[in-house]
Amino acid sequence: MTTLHDAVSVVIPTMNTRATLHTAVDSALAQRDVEVEVVVAMNGPGENPEFDDPRVRVVRSDPADRGNGARMAGIRAARHELIALLDDDDTWVPSKLSDQLAAVRKRGLSDDNWLITCSIAELDTLTGLTRIVPTEPVVDVLSISYYLLARPRLHSVSPQFASSTMLFPRSLALDEPWDTTVRLHQDWEWLVRLERNRGTRMLCLPVPLVERPVSHPDSLTTAPDWRSSLDWGKRHLANHSARIRGDFFLTIPADRAGRAASARGLLACLGAALRLGRAGYGAWAYFGVTVARAARNGIRTAGARS
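Just so you know, this note's numbering puts 232 at position 232 of the sequence shown, and the rest follows in order with no gaps.
Just so you know, these hints were derived from the structure itself, not from any lab. Each hint should be verified, as a subset may be incorrect.
Distance ranges between label pairs, derived from CB positions [what the hints assert, rightly or not]:
id	residue 1	residue 2	range
1	ASN48	TYR281	43 to 53 Å
2	TYR281	ASP26	42 to 52 Å
3	ALA242	THR23	39 to 49 Å
4	GLY288	VAL214	35 to 45 Å
The beta carbon of each residue, even a glycine, is placed where N, CA and C say it ideally should be.
Model the full assembly from the supplied sequences, consistent with the hints where possible.
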């Protein structure tokens, strides 16, 4: 059982290719009222980054294991009983960890089967505008899979979950480690597995304690791979409800297909939702918006390579 004695190991996976790494580390070291160590987990062939602060250590992981391997290397090397993840291009406000620990104490959680997240302040790098997500935060998540993947309303299409928001007992990840074979939706896979295998409780602090820059990768050349997302849903959601499967197919991979303006992708997502799921009204509404947006962008025919 973890004792909440205000000591946290911050794990930052990186390939040391971003100039923001040191800024992320500085934001972790600046946490108030919490004893912090930072474990920078290198997952690339480059040289180790250098830091002057003795609270920062660098470990290496097998590049073949990618981000999940780097996370687990950092978690295994951690000295404290609590783990917080931080992406190398995100930053925290100084009270991030102390606020989350206070929320855990307030809920009276005394075992090692919990995790807590928070809201995110997203800075649009093109417009300079900031928005807070999720727009409708849930404090006590009754079902992790439903919270992450179901879409009850059009405007609740994404909870905007980020690994940089998470704080959890180290034993949770040691007992149920990230799967290094998973290449997409890694956080979702881990979280729904925690729910399925352990009944893990998830809390969300509706305060923006993480700051994240975002851009708009909506061009055809930068749109993500809808096929991999669709295959992920078929593989990892097979034992979940038809509602969750249907909502997922019509939103996450369909959104990727829509940004690629791929008729083939949109039809594949629609077919999967009809055969394997039972989507709700919110997901169907979002799918309609996705198709309309793809049509405006010049949708590619089903016979085109996309």
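Hints versus structure:
no.: 1; hint: ASN48 with TYR281: 43 to 53 Å; verdict: 51 Å, holds
no.: 2; hint: TYR281 with ASP26: 42 to 52 Å; verdict: 45 Å, holds
no.: 3; hint: ALA242 with THR23: 39 to 49 Å; verdict: 44 Å, holds
no.: 4; hint: GLY288 with VAL214: 35 to 45 Å; verdict: 25 Å, violated
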